[in-house]
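Colleague: One letter stands for each residue in the lines below.
Number of protein chains: 2
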Amino acid sequence: MQSSRHVVVPPQSGRSMRVGRGDLIRIIDPKGQQVSDLWAFSTGEKLDWLSTSQTRDITERLFPKPGDHFYSAAGKVMLTLIEDGSPGPHDMLYPACDSALYERAGLPNHPNCRDNLMKALAAEGIDLPFAPDPVDLFQNSLPQPDGTLVVEASINPPGGYVTLRAEQDLLLVVTACSVDHHPTNGDACTEIEVEITPAA
Amino acid sequence: MQSSRHVVVPPQSGRSMRVGRGDLIRIIDPKGQQVSDLWAFSTGEKLDWLSTSQTRDITERLFPKPGDHFYSAAGKVMLTLIEDGSPGPHDMLYPACDSALYERAGLPNHPNCRDNLMKALAAEGIDLPFAPDPVDLFQNSLPQPDGTLVVEASINPPGGYVTLRAEQDLLLVVTACSVDHHPTNGDACTEIEVEITPAA
Chain A
1 MQSSRHVVVP PQSGRSMRVG RGDLIRIIDP KGQQVSDLWA FSTGEKLDWL
51 STSQTRDITE RLFPKPGDHF YSAAGKVMLT LIEDGSPGPH DMLYPACDSA
101 LYERAGLPNH PNCRDNLMKA LAAEGIDLPF APDPVDLFQN SLPQPDGTLV
151 VEASINPPGG YVTLRAEQDL LLVVTACSVD HHPTNGDACT EIEVEITPAA
Chain B
1 MQSSRHVVVP PQSGRSMRVG RGDLIRIIDP KGQQVSDLWA FSTGEKLDWL
51 STSQTRDITE RLFPKPGDHF YSAAGKVMLT LIEDGSPGPH DMLYPACDSA
101 LYERAGLPNH PNCRDNLMKA LAAEGIDLPF APDPVDLFQN SLPQPDGTLV
151 VEASINPPGG YVTLRAEQDL LLVVTACSVD HHPTNGDACT EIEVEITPAA
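Protein chains in written order, with full-length UniProt numbering: chain A, 1 to 200; chain B, 1 to 200.
Okay, chain A solo, but in the shape it has when bound (with noise of 0.2 Å):
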């Protein structure tokens, strides 16, 4: 039987690996108040993604519950939220935070999730023109009934996860949200912890 793995993602970066179908994977953050953005990728004949918008047509919610699949740009099913070990909620509205998000708050040459997901998609010989929409797990951004949209300060605890099943062999990238001029991720960017069981 294969043992699991731990994969750490320090502040402010990014990181990839593979998982197989049927495996587990759990993301935490220890510290808590840490957003993580999530990307699933098949890298098979045709290069597919997780699309949120393809996930909220077809499970018919602004936001994933457990037992909700999340679906790629072709509509496969790519990941099951298995056990959401975490109050929530999870954004599946925003983009990643990328530089001109920072260039527009002063803030030149700022780490960001765009930038973290394309360094690791590079280093796995992968060229894409662009970057999906992630899911921010951990984000408290809930839409206002009036249709606003504000980003809080997630109310995740130190050790909140969510428990993800593999519903293909895929790559993974995980970031740790840069965000540290706004409360996004309460007062300090931390580390997030990815751990994979494989498939029994």
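Calculated from the structure, these hints are not laboratory results. Only true hints are included.
One copy or two, it doesn't matter: identical chains are merged, so the pair holds either way.
BS3-like, lysine-lysine: derived pairs with alpha carbons at most 27 Å apart: (1) LYS76 to LYS46; (2) LYS119 to LYS31; (3) LYS76 to LYS119; (4) LYS31 to LYS65.
Position chain B against the provided structure of chain A, taking the given hints into account.
Modeller: For chain B alone, kept in the frame of chain A given last:
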């Protein structure tokens, strides 16, 4: 003075059109209840496109209102919603309808907005490896308070329209949505009309 251009987008099809900075674009639903998917691309040195997720993030709103800009993947202003001559709403949460959606509904080889986008781009010599999410004009799919999403029949009356101003030179693609197995477009798929008035 240049005269206005008039483009008819037949039912279940798409058309591309080049517009210049400052041009006014009126998208009209002559028969009512017809959803129209809208994409915008800048085709300069670096291809860029209207991004609904960047637009949600920067405007801090789920849905556009008059005066709001539509932003690109790179965070640039592409279009402004000048006038809303319709009751709305205009969706910014759904992907384009695609072959996978119709296959799930038991309707293989059905016309769809994604293919209509890709055909329109190919005719312009643009080979895009993915379909950006469109603005779904006149689509009645407001989220419910519990976060569930349902597409209801459009409430747009005959002649309902929106007027946009191009804030860059742009390639627009406009479709008349192909859904005919669900109430989205009322009882029938009908045409969309576009009037382009050059900048004064």
